[in-house]
Each structure stands twice: as structure tokens, then as C-alpha cells.
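As you go down the protein sequences, you meet chains W and Y in turn. Under our numbering, think of the first position of the first sequence as 733, with each following residue one higher. Under our numbering, think of the first position of the second sequence as 11, with each following residue one higher.
Hints may be right or wrong, so weigh each one.
[Stated by the list, open to error] Pairs of lysine-lysine residues, derived as BS3-like cross-links and limited to a Cα-Cα distance of at most 25 Å, are as follows:
1) Y/Lys480 with W/Lys864
2) W/Lys987 with Y/Lys62
3) Y/Lys201 with W/Lys987
[Said to hold, decoys possible] Interface residues of chain W toward chain Y, partial, derived using beta-carbon atoms under 8 Å:
4) Gly872
5) Gln897
6) Gln901
7) Val957
8) Ala974
9) Ala976
10) Pro986
11) Trp1010
12) Gly1012
13) Leu1035
14) Ile1037
These aren't lab readings, by the way, just hints derived from the structure by calculation. It should be emphasised that the depicted structure is a prediction, and the values quoted were computed from it without experimental measurement. Each residue gets a CB set at the ideal place from its N, CA and C atoms; glycine is no exception.
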Amino acid sequence: MPVNATLTTYSDWTYGSAVAVYVLATGLYLCEMAFGRTEARDRELVTAGARIAGSGTSGTWTPGLVVQREWSRPERLGRMGVALTVLGLLLQAASLVLRGLATQRAPWGNMYEYGSLLTLAGVATWLVLVRKFPVRKLGGFVLIPVIILLFVGGTSLYTDAAPVQPALQSYWLVVHVSVISVSSGVLLVPGVASVLYLLKSNKRGRFAKLPDPDVLDRMAYRSTVFAFPLFTIGVICGAIWAEAAWGRFWGWDPKETAAFVSWVAYAAYLHARATAGWRGRRAAWINVVGFVVTVFNLFFINLVIAGLHSYAGVG
Amino acid sequence: MPSKTLVTGLASLRNTWRGLTAMRTALTLLFLLALGAMPGALLPQRSLNAGKVDEYIAANGWWGRLLDRLQFFDVYASVWFSAIYLLLFVSLVGCLLPRAWEYFKQMRAKPVLTPRNLARMPHHATGSTARVPDEVVAYAARRLKGWRRVTGEESGGVRTVSAERGFLREAGNLLFHFSLLGLLIAFALGKMFSYEGQVIVQTDGGEFCNAGVYNYDWFRPGLRVDGTQLTPLCVKVDDFTATYLPNGQAEGFRADIGYQSGTDLDSDTWRPYPLEVNSPLRIAGDRVYLLGHGYTPLFTVTFPNGEVRSGATQWRPVNPITLASEGATKFDPPHLTDGEQRRRGQLAITGLLAPTAVFRGELLDSAFPAANNPAVAVDVYRGDLGIDSGLGQSIFSIDQKMVADGRLAKVARQNLRVGEELRLDDGTVVRFDGVRDWVSLQISHDPTQGWVLLSSVLIVVGLGMSLTIKRRRVWMRAAPGADGRTVIEVGGLARTDQAGYGEEFTELSRDLLVSKEDS
């Protein structure tokens, strides 16, 4: 199958632009973090807002009153950061779509493309969470790892656009790899949230600019609750594909083992979150373990350990 | 006193059971399971690659031997890994049975009575209306359709409603855990009754029949498989096609095979099937896979007495990209009945086969995996191959001990293109006639994998239910007020650790406080 060289070039350009835009956005987020207000003041505003939107104590129900107030300069920088993140996300998505069009296959057939899809999912999750939780200024913490991953992906892991080998020529490539990389990308966010939670809840006052630990905890939980079933589906799709491609649905290949381990870790996290005495820091630690195994699984297993999954275009 | 011993014994049993089924034990076991599975990803495993394990042990001395004794190279069959998951299994059962019973009781129970002070609930709203309490309650009953609810009366004409919803959350939770048990059981049964075997078949109509273990090159039986009950089926490979990209990356493999099973075996009917990677043949509960391919060099040997023998033994690829292959094609001298004489004249052609030959000086290498321009660089050995000793030996190599002992000697070394020949000192002529493809097939049998799939689908369904459905309660109290209006109080409580009830409650309480009849 011929590869469209023009589209490939455009794909590379949009990829590069996306990274550049993310760098700018990170700068803006960091400015907001550095010059913005501390969390204590934020909390007052949030609770005040809740009182307006909540149930009134008077006889009749009053709809919430929205007060338009002036954005401070750091806040404006943060909002610009979000706008740029959206732009970067669109550019990155365009780069993947162009690659898919150029090669006439699902654009996640090697480590470079896989990493791009995964970070795309991470950034999208982040944008969804920003709408629900007052955590905008943390954008830098999410984007910096994304930029590093994209940089490594675009340089040392870069793979020329090409068709994939026979073992990957299956519609399960579309299903399994997309579900796995999207769920793994989403799972990066609760990992970061739990790390920040541990920082914040450990030494109160020392990380004044981080959001409330409760917010971080809920953010970690809700994104895990979204990603865990997705990850489960991804693993099951992988097993179905393995049955067709390798002759068995489960064979303790290193990648399968690591997926099993992170699945168990996230299951433990969800259980701990619902068990008295394990909520809070202990649960957060378990989530961090899951995060570490996920990252280990994404990169170390593919790049270092030889197994059936190591055809990521780096051999 | 025996009775006292019995009581103490029972008490300690009960405590052990309680400890085992406690959530923190389950969490610890889950953690241990994750930790215990990890070495399997980091260390080579016998079940995947026995050769690598031997290399690792040899390279790491006492440390490797210690790991071996602690079963770190067979993690998933080890005593300690089995112990962890068996304990977890027991813990799971011990946790689930009471929960299922509890759930059964709860399903039949009525929603709890309206608490006295609704203002203490996490969600709370009040209002007043011109409707009388009975109307308010009747409206609430309509609005809370789909909720399990019960109405009550308190003194002073006060009416109450208690409602609860989201029972399917626990049902999903139980479904998830029971499916997990089902999956573990199906998986374990699969390990008992499954088998898989691999075999190399020549693509010029070579046949393979699943008649017994001896037909396989490699066979892994389940614990309860003795090899006498293999599914009867036969496979015949008629042709093989491989396509490659210009850079040598494989683009597609296809083996055109015929197969027979069931009554086709008696009538000797072959049914065609294009066997491809990702597209196994599924017959009679077994699966046939195309795993790999390689080349068989074809040699013709003309012995000094004029007799001709041809050899076609598969060689194995040593470079997965260019398919440069090595092997040994072995010949017995014809018409020599005397063992001693025969063992002096056995021949072995060994060396390197390049499907697309490039020569760097005299050195042969392969440039491309397709058989565009095959050539071999052969070493011909003559003497005693050692195959009469009764010991098995690799079909891909000669016994180097025989060479070291001087019983097998190298008599020629030459590069041969297709059609070229070499002449040995005794007049024997070896001709290279070209190459033929071979394919490596795997036959797999796993009677329980359908159950594993069903369990995993139910796992996802249960997981989705238990994570998305919220168990929540709402109470309402409608009391006649002093000014003739009715005071309505609504309280809400999410029973599970789930944010998001607030929005639903806000909407619900607004409807309950201000019905359409008010406006």
C-alpha cells in the first residue's frame, strides 16, 4: 500500500506545532501558578458560590446568581493557557488523522503514534477535568510530562509512516490499541492528581498553591472510575485478539503481566477508596503504585523487555 | 477438657475466617498478587522461553540458581503464586456469600423511615406551598416513579415519603465479583484440559494429522491431557505466499491449506482454507494457526556408485528480517547394510542459506526475505553423524562432539547458487536445486475459553453497573404550617462514595417543592 508523502509531511508539521503550542500553554499555566492567589482564598470563593447555587433557606427557591467579575491578570493567563491547550489538542489530533490518512490504517501502529494518541487522551481528560474542578493552574504539571513524552516520541522513537506487519493487520488494532492507549492516557491524570494529593496533604501550608486535597482526591477517583472499566475492556479486547493472532488469549507475556499488575493495583485503589481506614493517603499511595506500573508498562516493557508486544517500531 | 479445646479451636477457626475475609486482608492479598506477578515480567520465564532461562541462570551463578529454586522462572505455576491466588479466592468467596445474602434481604426491606431532622442531611431544601400535605405526597409519588418508596404519617397531619434508588449498584458489584470467580475457575479448568502443539510442514502438499503427540515438533499438554484424546483432524499445506515491502518488512503471509475433520476424514475430503496471520482455522473445537515460515534448501547428492538421493530438511531462520537461515541436511549412504561402513560415509550439508544472496567477497549474506535469488554457503561433513547412537539430536545442526572426536570431518566448503554443484574427493556430487517454503503451524485446544470470554464480558457489565449507578435516598416531610400553607422539607443522602448526587437532588427538590400545580 503506498504511503502519501504529502500528508505525512503535514502530519509531522502539525505534530511539531502541537508541541510548540503546549510549551506556550505550560508557560502560561506556570505564570498563573506563580502569580495567582493561594488556595485558601480560592476556597472561600468556591463555598460562597456553592451557597448561591445550593438550596435556599427562604420559602421560595432562588436560582443561582452568576456574578460576572473581572479576571485578574494571572487568571487571564491561565485561561489563555486553556485556550492554547485546546489549540494544541486540535493540532495533535490533526497530526494523527493525517497520518492515518497517509498510511490508510489506524494511526497507532508503532510507539511514536501510540505515544501521541495516549498523550492526546491525557490532555483531553485534563481539559474535561478543568471544567469540573478548580484546578486550572495545575495545567503545567500535566503538560510538562506530555511535552516530554511527545518530544521523546517525535525524536528518538519517530517512525516513518508505513503499513504495519501482518500480526498487526486486524481490526482489533483499531479497537484494542485505541481503547488501551486512551484509557492509559486518562489514567496518567489521576496518577498526577494523587501525587499532588500526597504532597498537599502531607505538609499543610507548604504547598499552599496546590488545590484542596479533597478536590485532588475526588479528581483522581472520578477519572479512575472512568478509565478503569475502559482499561478492563481494552485488556479483554487484547485477549480476544491474542487468541486470534498468537494462539492463546493469555500467555503471561511481559506486557500482559504488567497490564494485569496495574489492573490489580487500580482494583485495589477502588476497594481502598471504599474501605474505612484506607481512604485518603493510603488509597492515594495505591493509586500512585498503579500510575507507576502503568508508565512502566507503557515504556519500559515496550522499549527494554523483549516480548510479543515489542514490535513498536523501535527494534 | 476436650469441650474447652473444641471451643477454643472453633473460636480460632472463626477468627481465622473473619481475618481472611476482611477487606484489609483482601487488599493485602491483591497487593501481594500484583507484587508476585511482577517477576514474571522482569525475569525470563520457562513457559515462554526456556533457553533464555538457562542463559540467565548460567550468567548469574548462585543468584540464578537461588531464583530457580524459589520458582522465579515459573512464577505462574509456583507454589507461592498459587498460594496467593487461592487465598484471595477463598477470601473473595467468604466476602461474597454474606454480601449476596445481605443484598437479598435488603431487596425485600422497605426504605428507612424519614429521619426527624432532615436539615442534618448532606442535601437539604425547604419550601412552602398552598397544597395540602396529601396532595404534596401524591405528587411526590408520581415524581418519584421508579424509586422504591414508602409513605408514612406522623402526628399533627404530617405526611412523609421515604424513597431509595440504585439497588442495581450492588447487583452490579456482585455480578462483577462472581464473574471474576467464574473467570478464575474457567481459566483453571482450561489449564487442565487444554493443549497446544507446533509442527513444521512443507508447503508442497505436506500433511499433518493430529493423531498423537509424536506428530508434533513441540507439544504442551494441560495437566489432565495424556495425548490419547486429541481431536481428530488433518491439515495439508498446498501453497504459501509471502509479500514484503521494499524495505523487507513483511506485508502479508498466506498458506493455502486443505483440512479435514469429522466425516471428511473417512471420505478423505479436503476443504480449502486460506490460513493467514490473525485468521486461524477453527474446526471441531480446535484452532489451527499460521505461526511462521522459513525455507527448506533442496539438495541432490549423486553418490560415486551413481545412486541419487535428494534431501529436503527445513532450515531455521537466524535473522528474522532477512530470513538468512541455518540448518543441516543429512544423508545416509545408499546400499550400505554394514553399520560400521555406513557410519563412515554419512553426509551432512550444513551452513547458511540466503533467500536473496549478496556476497561480500566470499562471504554470503541475505539482503531480502523473499526467495528472489537463493544461494547457500555450505560446509559438507562426512563420517559418523551419531544418529545411530539412539540419542536424539537437533535436525538443525550436527553433533559437534562427533567433529571434536574426529569421527566427522569437514570435506568441502563452497558457495552454491541454484543449479551449481560441488564435487567431493570421493566423486560424490552435491547439487543445490533451490528452495521451498515451510510453514510452522500451531494446533490449539481450549474447551473453556468461551466461558472465560463470557465471564469477562459479565465482568465489564458488572463493573459498569457498580461504578455508574448511585445508591441514594431522598426523604420528604410535608407539615401543615401556621399560616395555612404546607411546609415541605426535603433531605437527600448518597449512600455510596459518589459525587454528582447534588445536581439530581437540586432538580428533584425543586420539583417536589414547587409542583406544576403551584404555578
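Comparing the hints with the structure gives:
1. Y/Lys480 with W/Lys864: Given that 25 Å is the threshold and the Cα spacing comes to 19 Å, the pair holds.
2. W/Lys987 with Y/Lys62: Holds, at roughly 18 Å.
3. Y/Lys201 with W/Lys987: Given that 25 Å is the threshold and the Cα spacing comes to 21 Å, the pair holds.
4. Gly872: Violated - the Cβ of W/Gly872 stays beyond 8 Å from chain Y, reaching only about 25 Å at its closest.
5. Gln897: 5 Å, holds
6. Gln901: 6 Å, holds
7. Val957: 5 Å, holds
8. Ala974: Because about 11 Å separates W/Ala974 from the closest Cβ in chain Y, which is outside the 8 Å limit, the hint is violated.
9. Ala976: 6 Å, holds
10. Pro986: 4 Å, holds
11. Trp1010: 7 Å, holds
12. Gly1012: With Cβ-Cβ at 12 Å, over 8 Å, it is violated.
13. Leu1035: 14 Å, violated
14. Ile1037: Result: holds, 7 Å to nearest chain Y Cβ.
Figure legend: structure checked against the earlier numbered hints; hints not met, in rising order: 4, 8, 12, 13.
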